[in-house]
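Chain residues, written in single-letter form:
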Amino acid sequence: MADGARRGLDLDLWSYRILLGLLGMLALVIMVGPVLIVLAISFTADSSMRFPPSGFSLRWYEALFDPVRSSQIHRAAINTVQVGLWATAIGTLLALLAALALARARGVAARSADTLFVTPLMLPQISFAVAALVFFSMIGFEAAKPAIVIGHVVVCVPLVYKTISASLSQLDPALIESSASLGASRLRTFRRITLPIILPGIGAGAFLLFMASKDNVAVSLFLSDARTNMLPIRMWQMLEGTLDVRVAAVSGVLILATLVLMLAMERFVRISDRLR
Amino acid sequence: MNVLHAPRPALEGAALSGTGHAVTLTGITHRYGGFVAVRDVSLEVAGGSLVAFLGPSGCGKSTLLRAIAGFIRPQAGSIAIGGEVVDDVRPNRRGVGIVFQNYALFPHLSVAENVAYGPQAQGVPRAQVRALVEENLRLVQMADYAKRLPRELSGGQQQRVALARVLAARPRILLLDEPFGALDKNLRFDMQIEIKRLQRELNLTTILVTHDQEEAMSMAERIVVLNQGRIEQVGAPSDVYDRPATLFAGTFIGSTNLLPARIAAISGATTRVRLAAGGEVDAVAPAPLGIGGRVLLSVRPERMRLVDGPGRGRVAARLDVSMPLGATVVHEVILADGLRAKVSEPRTHDGPAHRPGDPVHVELRLESGAAIFPDGLVEDPEQENQA
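Heads up: the protein sequence lines correspond to chains A and B, in order. In terms of the numbering used here, the first sequence is residues -17 to 258. In terms of the numbering used here, the second sequence is residues 82 to 468.
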């Protein structure tokens, strides 16, 4: 009887494991499958986005890197990188200042500000994009690129604010107090103790912000004008109009760039630990 | 690691922290929200002495420490170091070094960089910084570890680096915030001796915050007993132990038996009390109340012993349990009124003279080390504290 009970238990355990394994595989297929498919298509010899491709060629990459044929894509990519770098620089600095100010504050105002700074994560981006468009045209702010930078900062700043806050909350206050009682001024303490210790958190947050900005569609769509096309929007237009296979090649480049950046971030700030 | 018997480096006085600055607290009061952490504390810590702030958690000892370090500004009162009022002086200008319980070594800096941090922050020239680092690492016997990171060190090693770091900054006052709590027992003892030795040689005024009464007793020249934000007693360890000023001081430091009694007679320094458990005993202790007053007689376990027959100063009891504890045996006896008391005796090699369940007599030896407190009365809240 005891044997039977144990066998029953094992069956439970095994069916649980099998189910869990299947769900895991399914998740993996859903997440990785499309990436693999788009990569495969980007190397197609066909002139349409058919899967499976009938042959291997680099023609779409050649077309993508051709400065004449793909000048619009290049302009959009440059815009995207520029906006991403500006948004990352400004957003990280603002988030750092906000996190430093609010890290140890316990007042109602401080807690409210803390909540306010992460609301863009929950707020529908599209609503903010519409509101920003109306607002900017109302005050006569016409420069598209700065407007997109501001928009990206607003919607992406919670990511970096949260990672920096988390780093700061793990910082032992006794380190700051030790530094002070050893004779260090506040500035010196910040430079020699606080900053080096939270630097990986800042790096991880900046990375996330750049990635989010690079992918942003809603804000870019509403705030860009004809001359400041952004890469994700350009890709959509290409696909919408002509089912251009270069879109797959762009995806391939983006995937590769992301992989390289992630490996670099893993090496320097162990980003996978910080996203837990 | 035994630092007790390791060879000691010679001290080169001039470059080391110095010395003998007094700390004066005057009427310190501090609240956190509605909670009064420290209530009107006045105290003088003599220059070059080692004083322990002793009390349970929440007694205000850490608040006082943080106030002296300058991390908090008390709502009332004033602090002077070496005669100079430091109320408006920031922590980095106070010359107060602190060693935290978790040592708070800078995790991204090497041992040598940690020790160099203070002198560098104070603008000491580079060559002199290097000399200070070497000297202080040698002082705590950590010179071989200069290039390591803190996480590569054991707890005891980390503590010694923390000590070297604080000494390299040449503080006027050294604060130790429960510094031995994270060490195991043997290492703790070694470090206590080590710190005491350094403190003496440097003549460095040191305040040790602890809730461990044994630590306070063994290290400090004076103990400040704190409870609920107030000073209960200030005195040498033997004073506090033998002549506790308050019931709290008597019970918090060491273990003691509190025997209900009434005052029967008072003659000079001797008070005769009639125990509720039966019998009368003479105690050399001031009477807090008049004749007939209900009191608690505080008797340390080692001031009692088990005897066979009745007699003067003896109380009938029954032996319940005997526990050998190293060099002593602790007996728990049940007195005639049902109260339990602990009796501590040196352990003999003859084997136990009494067995559990035996009727015994307990002899109270109260020529010193006894105290009498009023029973059931609220203690006078306006009691003055003087150091």
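The set of hints was computed from the structure by calculation and includes no laboratory data. Misleading hints may appear alongside valid ones.
[Claimed, not checked] Partial selection, computed: residues in chain B whose CB lies under 7 Å from chain A:
no.	residue
1	150
2	156
3	173
4	177
5	179
6	187
7	189
8	198
9	206
10	208
11	224
12	226
13	227
14	250
Here a beta-carbon is modelled for each residue, glycine too, at the ideal position from N, C-alpha and C.
Evaluated hints:
1. 150: Since chain A brings a Cβ to about 6 Å from residue 150(B), closer than 7 Å, the hint holds.
2. 156: Violated, because the Cβ-Cβ distance from residue 156(B) to chain A comes to roughly 18 Å (cut-off 7 Å).
3. 173: Holds - the Cβ of residue 173(B) comes within 7 Å of chain A, reaching about 5 Å at its closest.
4. 177: This interface hint holds because 6 Å falls under the 7 Å limit.
5. 179: Status holds, d = 5 Å.
6. 187: Holds: closest Cβ of chain A sits about 6 Å from residue 187(B), inside 7 Å.
7. 189: Holds, because the Cβ-Cβ distance from residue 189(B) to chain A comes to roughly 5 Å (cut-off 7 Å).
8. 198: Check passed: Cβ of residue 198(B) comes within 5 Å of chain A, closer than 7 Å.
9. 206: Not OK, violated: residue 206(B) not within 7 Å of chain A, min 15 Å.
10. 208: violated (18 Å)
11. 224: Hint violated; residue 224(B) Cβ to chain A Cβ min 20 Å, cut 7 Å.
12. 226: violated (19 Å)
13. 227: Violated, because the Cβ-Cβ distance from residue 227(B) to chain A comes to roughly 18 Å (cut-off 7 Å).
14. 250: At 5 Å from the nearest chain A Cβ, residue 250(B) passes the 7 Å test, so the hint holds.
In terms of the numbered hints stated before, the structure departs from hints 2, 9, 10, 11, 12 and 13, listed from lowest to highest.
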